[in-house]
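Generate coordinates for the entire structure from the input sequences, incorporating the hints supplied.
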Amino acid sequence: MLEKLKKLENEYRTLEAELGDPAVLADASRFREASRRYAELGEVIETFREYQKVKNGLAEARELSADPELGEMAREEAAQLEEKLTELESRLELLLLPRDPADVRNAIVEIRAGAGGQEAALFAGDLFEMYTRYAERLGYRVEMLESHPTDLGGFSKVSFEIIGNGAYGVFKYESGVHRVQRVPATETQGRIHTSTATVAVLPEAEESDVELDMSEVRIDVMRASGPGGQGVNTTDSAVRVLHEPTGIIITIQDSRSQIKNREKALSILRSRLLEMKRAEEEAALRANRLAQIGSGERSEKIRTYNFPQSRVTDHRIHYTTHNLEGVLSGALEELTEALKKADQERMLEELSAQTQST
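So for the sequence shown, my numbering puts the first residue at 1; every next one is plus one.
These are computed hints drawn from the structure, not numbers from a lab.
Since this is a predicted model, take the numbers as computed values, not measurements.
Every residue, glycine too, gets a C-beta built ideally from N, C-alpha and C.
One or more of the hints may lead you astray.
DSS-like, lysine-lysine: derived pairs with alpha carbons at most 30 Å apart [to be verified]: (1) Lys340 x Lys53; (2) Lys301 x Lys277; (3) Lys55 x Lys341.
Have a look at the derived ranges for each label pair, beta carbon to beta carbon [stated by the list, open to error]: (4) Arg36 x Lys277: 19 to 25 Å; (5) Leu348 x Lys277: 24 to 30 Å; (6) Lys53 x Asn323: 22 to 28 Å; (7) Ala26 x Pro98: 31 to 37 Å; (8) Leu348 x Arg32: 30 to 36 Å; (9) Glu46 x Thr194: 43 to 49 Å; (10) Gln181 x Glu211: 42 to 48 Å; (11) Glu211 x Arg137: 32 to 38 Å; (12) Lys53 x Lys301: 29 to 35 Å; (13) Phe307 x Glu46: 39 to 45 Å.
Here is the structure:
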């Protein structure tokens, strides 16, 4: 592990020098990749340097432990540093786990109302607000891609892009069926109803990830419909893209620009094709992956939002918080960290099992 960390530290120093090089600054693509990798290594190197500092301090404390005057104090310090060193070693093990290269990308999120009629649509709207606020808390930007609002203020379907370094790595754990238990606003007898909404989170695909054969893509232009402000319904700006081999259909009408809607639709198509490819590869490698974390699987209820008990439960990791109001206001950090930790522990178990089998 130490050899690997030393190599990463050398790479970090090289990247640091590159980011101050005028030639790299002039090359947007090279600068973006260097910045992305530099940020990715930041926590690892910071932890490694702290580990080295503690290790050196421990060696000094052990040397002083035989001193007649300072021995007792040095032994106490050594015990504390040993504990700290163990914690840092465990943390470094987690930080060195293989990372999904897509984690650094933007995220495309799609929410669909499920069972429950109008209440499901309202819940889909609540989830949209929750993710929007969470993204804002993290300093990300949200851009609407497609929306189908309902009369009561929810959505039958809404898709949007979360733009910022690492967005997919944060939001990928949200894929699945979300369930709400509450008394709907339209319920006159105070009965609790259960409704659902499905969430799919995709990493934004780059053109180099998926090679589209445009002869297999049909693009239709039409007049936008529904709300959207003056002008959106008076021009043929809406774009529908059909990928004939897979039957995937993307309709985008949120921009007045036909060109922009076309670019968004093709971007989402690439992302869906990339996710299909990733899912196939992952299924072949991990037949029993824990609770389908991050895979986009929608068949299983992953989380319940229970209003009478002010409770949010993530069923994949059996984690419960009673901060329902905070979660719906965008305070998802607690859940995200718990899911990330569970995913890391699963990977450690897999690596340990592979080591033992070899």
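For this session: Could you tell me which of the hints above the structure violates, numbers in ascending order?
Result: When the structure is compared with the hints, numbers 6, 12 turn out to be violated.
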